[in-house]
Amino acid sequence: MRKPSQLFITLIVLLLIAFGMIVTTPRVAAERADLKFSPQLSAELAEVAPGQMVTVIVTLKDQADLRQIASPGSTRSQEGLVRALQAQAQASQRQIIAFLSQHTAQEDGKVGTVIPFWVFNGLSVTATAEVINELAARSDVRSITSDKIELAPLSGPESAPADAQAEGNLTQINAPAVWNLGYTGQGVVVASMDSGVDVNHPDLSGRWRGGTNSWFDPYYQHPAAPVDLTGHGTWTMGIMVGGDAGGSSIGVAPGAQWIAVKIFNDAGTAQATAIHLGFQWLLDPDGNPATADAPQIVNNSWSLGGPGCDLSFQLDLQALLAAGITPVFAAGNYGSSSNTSTSPANNPEAFAVGAINNRDRIYSYSSRGPSACGEAQTVFPELVAPGVNVKTSDLYGMYYSTTGTSLSAPAASGALALLLSAYPNLSVGRLEASLTTSALDLGSAGPDNTFGYG
Numbered sequence: 001m002r003k004p005s006q007l008f009i010t011l012i013v014l015l016l017i018a019f020g021m022i023v024t025t026p027r028v029a030a031e032r033a034d035l036k037f038s039p040q041l042s043a044e045l046a047e048v049a050p051g052q053m054v055t056v057i058v059t060l061k062d063q064a065d066l067r068q069i070a071s072p073g074s075t076r077s078q079e080g081l082v083r084a085l086q087a088q089a090q091a092s093q094r095q096i097i098a099f100l101s102q103h104t105a106q107e108d109g110k111v112g113t114v115i116p117f118w119v120f121n122g123l124s125v126t127a128t129a130e131v132i133n134e135l136a137a138r139s140d141v142r143s144i145t146s147d148k149i150e151l152a153p154l155s156g157p158e159s160a161p162a163d164a165q166a167e168g169n170l171t172q173i174n175a176p177a178v179w180n181l182g183y184t185g186q187g188v189v190v191a192s193m194d195s196g197v198d199v200n201h202p203d204l205s206g207r208w209r210g211g212t213n214s215w216f217d218p219y220y221q222h223p224a225a226p227v228d229l230t231g232h233g234t235w236t237m238g239i240m241v242g243g244d245a246g247g248s249s250i251g252v253a254p255g256a257q258w259i260a261v262k263i264f265n266d267a268g269t270a271q272a273t274a275i276h277l278g279f280q281w282l283l284d285p286d287g288n289p290a291t292a293d294a295p296q297i298v299n300n301s302w303s304l305g306g307p308g309c310d311l312s313f314q315l316d317l318q319a320l321l322a323a324g325i326t327p328v329f330a331a332g333n334y335g336s337s338s339n340t341s342t343s344p345a346n347n348p349e350a351f352a353v354g355a356i357n358n359r360d361r362i363y364s365y366s367s368r369g370p371s372a373c374g375e376a377q378t379v380f381p382e383l384v385a386p387g388v389n390v391k392t393s394d395l396y397g398m399y400y401s402t403t404g405t406s407l408s409a410p411a412a413s414g415a416l417a418l419l420l421s422a423y424p425n426l427s428v429g430r431l432e433a434s435l436t437t438s439a440l441d442l443g444s445a446g447p448d449n450t451f452g453y454g
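Residue numbers (my numbering): 1 to 454.
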């Protein structure tokens with residue numbers, strides 16, 4: 001995927017005008033701008049100097065009805081979904097792009113970069129507060145939020161160099177028993193939205209799918225091949241698919257292949273634009289909707305700050321589900337109190353995973369429910385998995401034992417990959433249900449807000 005540019009967007013608009021597709025920009029009824037701003041953006045705009053540009057995420061009202069586009073799961077439905085989303089976004093965004101083109105550097109310089117999305121109908125816009133207020137007054141705009149986000153990887157405070165003993169976290173979830181039946185994740189592609197992956201690690205290098213459709217850095221700092229500057233993404237990938245090069249098996253689904261999106265930049269921060277682009281890339285990694293190269297599972301061991309409900313990426317997750325991709329999220333490390341669920345893990349579309357130790361006891365910091373999103377009594381998390389002192393791959397070919405729901409989520413992602421290798425035609429709903437209904441019930445009888453379904 002090439003980096004979008006202002007010149008590219010401007011040329012598109014000029015061509016549309018030349019071929020009569022845009023004759024003029026229709027008048028759009030004004031609406032209360034301040035009602036469409038997120039509280040964070042309102043505070044941000046109040047502090048900007050005149051003429052200073054701010055990057056925002058603009059969500060349009062006209063969103064695709066995913067239920068009418070395709071039945072989830074099949075390759076053909078994925079292609080149809082991507083093409084329909086792209087066509088709907090292109091048609092719907094013509095007027096607002098025409099408006100923005102009037103304020104580009106070639107005109108009055110009030111608009112910088114414009115990046116259209118199709119994973120949902122919206123845009124990333126860098127512009128002055130004046131233009132952002134004009135956008136908010138448009139009747140075709142639903143909401144405007146800040147591009148600035150507080151993104152937290154969810155590994156805990158307990159870490160130590162790993163030893164070479166056999167890994168009990170794998171036997172705890174009966175992964176070796178599934179391997180003995182002949183199912184190791186073969187035929188399954190798992191994705192990671194994280195800090196990247198050390199592609200040279202001996203437990204991971206042979207499992208990378210390879211090619212330009214298997215790695216995406218939305219910041220374009222490392223476009224050619226996977227890298228990881230912090231180790232967090234290498235930790236989570238090791239638990240999903242790692243081998244036994246270090247003397248013991250570390251990955252739940254060592255037969256699966258992996259791809260990855262680097263959602264943290266080299267400074268360790270993240271922007272909403274990059275995450276939207278990452279989710280969008282997962283739907284069509286090579287830019288050709290006819291190619292069946294999307295993953296079946298995507299692991300997300302991060303949250304949007306502390307407890308609460310934030311639906312910033314709900315539309316993205318809905319598109320993933322429509323494509324038959326299961327979005328797994330770490331529950332968060334904000335326990336031990338109740339009502340500590342984090343987003344996006346607590347979004348209705350996410351599959352949230354808490355952490356337990358090797359004695360099936362809850363990790364003290366594992367976030368608890370009920371979910372802050374949706375109905376008041378929605379159980380959170382869906383289930384738990386080992387996440388305390390878990391050995392996994394680290395940078396420079398090393399190994400590490402670390403703790404947190406960041407480590408339990410990829411264990412669940414790996415377990416889902418094992419199920420898919422045995423039953424490749426399972427829908428997302430049946431896949432998730434297969435895991436929750438077969439889980440060992442922990443805590444009080446039935447699903448609860450500490451262990452979920454077990």
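Don't read these hints as lab results, they were simulated from the structure. Do not take every clue at face value.
Restricting the straight-line Cα-Cα distance to at most 30 Å, the calculated cross-link-like pairs of lysine-lysine (DSS-like) are [to be verified]:
no., residue 1, residue 2
1, 110, 61
2, 110, 148
3, 61, 148
Status of the hints after comparison with the structure:
no.	hint	result
1	110 with 61	holds (24 Å)
2	110 with 148	holds (20 Å)
3	61 with 148	holds (22 Å)
In this structure, none of the earlier numbered hints is contradicted; all agree with it.
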